[in-house]
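So you can see what is in the structure, the chains are spelled out below.
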Amino acid sequence: MEVIDLAWWKLGLAALLILALAATGYLARLGITRSLLIAALRTVIQLALIGLVLEALFASSAFYWIALLALVMLLVAGREVVARQGRRLRGWWAFSIGTGAMFVSSFTVTILALTVVIGPEPWYAPQYAIPLLGMMLGNTMTGVSLSLDRLNDSVWRQRAVIENRLMLGQTWQQALEDIRRDAMRSGMMPSINAMAAAGIVSLPGMMTGQILAGSPPAVAVKYQILVMLIITVGTGFGALMAVSWGGRRLFDDRERLRLDRLVKT
Amino acid sequence: MLENLSVGTLSNVSLRIPGGQVVCLSGPSGSGKSRLLRAVADLEPHGGRVSLGDTAQLDVPAHQWRRRVVMVPADSQWWFDEVGCHFPVDAKARLPSALGFPPEVMGWSVSRLSSGERQRLALWRALVLEPEVLLLDEPTANLDNDSTEAIETWLLDEIRRRQIAVLWVAHDPGQIHRVADSHYRIHGTRLERANGSD
Numbered sequence: 001m002e003v004i005d006l007a008w009w010k011l012g013l014a015a016l017l018i019l020a021l022a023a024t025g026y027l028a029r030l031g032i033t034r035s036l037l038i039a040a041l042r043t044v045i046q047l048a049l050i051g052l053v054l055e056a057l058f059a060s061s062a063f064y065w066i067a068l069l070a071l072v073m074l075l076v077a078g079r080e081v082v083a084r085q086g087r088r089l090r091g092w093w094a095f096s097i098g099t100g101a102m103f104v105s106s107f108t109v110t111i112l113a114l115t116v117v118i119g120p121e122p123w124y125a126p127q128y129a130i131p132l133l134g135m136m137l138g139n140t141m142t143g144v145s146l147s148l149d150r151l152n153d154s155v156w157r158q159r160a161v162i163e164n165r166l167m168l169g170q171t172w173q174q175a176l177e178d179i180r181r182d183a184m185r186s187g188m189m190p191s192i193n194a195m196a197a198a199g200i201v202s203l204p205g206m207m208t209g210q211i212l213a214g215s216p217p218a219v220a221v222k223y224q225i226l227v228m229l230i231i232t233v234g235t236g237f238g239a240l241m242a243v244s245w246g247g248r249r250l251f252d253d254r255e256r257l258r259l260d261r262l263v264k265t
Numbered sequence: 266m267l268e269n270l271s272v273g274t275l276s277n278v279s280l281r282i283p284g285g286q287v288v289c290l291s292g293p294s295g296s297g298k299s300r301l302l303r304a305v306a307d308l309e310p311h312g313g314r315v316s317l318g319d320t321a322q323l324d325v326p327a328h329q330w331r332r333r334v335v336m337v338p339a340d341s342q343w344w345f346d347e348v349g350c351h352f353p354v355d356a357k358a359r360l361p362s363a364l365g366f367p368p369e370v371m372g373w374s375v376s377r378l379s380s381g382e383r384q385r386l387a388l389w390r391a392l393v394l395e396p397e398v399l400l401l402d403e404p405t406a407n408l409d410n411d412s413t414e415a416i417e418t419w420l421l422d423e424i425r426r427r428q429i430a431v432l433w434v435a436h437d438p439g440q441i442h443r444v445a446d447s448h449y450r451i452h453g454t455r456l457e458r459a460n461g462s463d
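Here the protein sequences come in this chain order: A and B.
All residue numbers for the first sequence refer to the numbering used here, where the first residue is 1 and numbers rise by one.
All residue numbers for the second sequence refer to the numbering used here, where the first residue is 266 and numbers rise by one.
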């Protein structure tokens, strides 16, 4: 079965609908018009550009180009993690901890899935590597930023409790125990919820896309299961690393709570 | 024992507290009394040296230091729902009657305690750790006169019996007169010994 290509003018029809929504929002003074239009425009431009990049990348398949794209994706995700935190660590710490956690978890899991589970030839074949890494990074980014945001915010709010626990001779790990558990929970919740609802409430995007592109549903389902499982693994380990590195940084070597290391963004 | 301690606006604070003795500390609010206690508990970066017997503050991990030098803050914090969860299991049997609680208090929920009750329980929570030094930040601020004196008597008794060295921040001259073996006052950046007459 051949995929039906979409002509550009047909996308224009969908764009007209967005314009209609924007106009309605403007007339009803809902205050979403501006951000809606900017976001729609960004989608079109960013996706058109990545389409060109992927076309070029698939044509060359050189390892260093793929590695470069992966690096750019990682750095942008790292910046996004910093921007999504209400309070973040001062200096380069926020960026380094977020990016480091995402790098270790999503790259390890992606490479593992590519080499052991899927096994394309070569293992870094961009048709598999780039979409997989993109999905991993996107979800890990959400998990890491949610958990770091929760960690820093709770520590800020509960500083009196933490210090009182320290005064009673608890180690910094004990004093942070409840907050760390909360932060992990909020980082993991989106992935756990997505797994619970998959197939019943929602048909995940990747599977839908594959079926539209002509894959037999049985194959598409297997890929979707693989992706959801490894996304959860990546998000979980990513949040775990971010929370333990971030928590460590909030205390100094004398186990004092150092809120001066946090800044409001 | 404190040597040339400096924290915040205070500098060159030197003090020696023998076991079983109470040193009271007073001064205008904002003069750094609490920060001085926090520095002794090593909760705040500071200059100078603090030692306990032969052990210097920096010789042991911070949490071990704070097990021996326990601070009770002016407003105590409670993080579990039930009072008893904040205490070791055997603390229930040893609950001192001077605190004025029935034995069931360990099963109460923290939210029904008044601020005065929390303060009394916070003192007991610190004492069950069997500290060698106690740092008390206005321990009777939320108590009425009768229970203040009852708590003072109980605390002094425990302090003498266990030979605890105590640094006690207090406002009330009457209280200082009742509990202090010596009294220091904060003057600007220095600590000055107050006369025995007040």
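Worth flagging that the hints you see were computed from the coordinates, not collected in a lab.
Don't be surprised by glycine CBs; every beta carbon is placed ideally from N, CA and C.
Warning: the hint list may mix true and false statements.
[Stated by the list, open to error] One side of the interface only, derived from the structure: several residues of chain A facing chain B at Cβ under 7 Å:
| no. | residue |
| --- | --- |
| 1 | A160 |
| 2 | V161 |
| 3 | M167 |
| 4 | G169 |
| 5 | T171 |
Okay, the hints, checked on the actual structure:
1. Evaluation of the A/A160 hint against chain B yields a held restraint, the C-beta minimum of about 5 Å falling below 7 Å.
2. Nearest Cβ of chain B to the Cβ of A/V161: about 4 Å, under the 7 Å cut. The hint holds.
3. The criterion of a C-beta within 7 Å of any C-beta in chain B is met by A/M167, whose closest approach is roughly 4 Å, and the hint holds.
4. Given hint, A/G169 at the interface with chain B, holds; its Cβ is 3 Å from that chain's nearest Cβ, closer than 7 Å.
5. Among the interface hints, the one on A/T171 holds; its C-beta lies about 5 Å from the nearest C-beta in chain B, closer than the 7 Å criterion.
In summary, the structure agrees with every hint in the numbered list given earlier.
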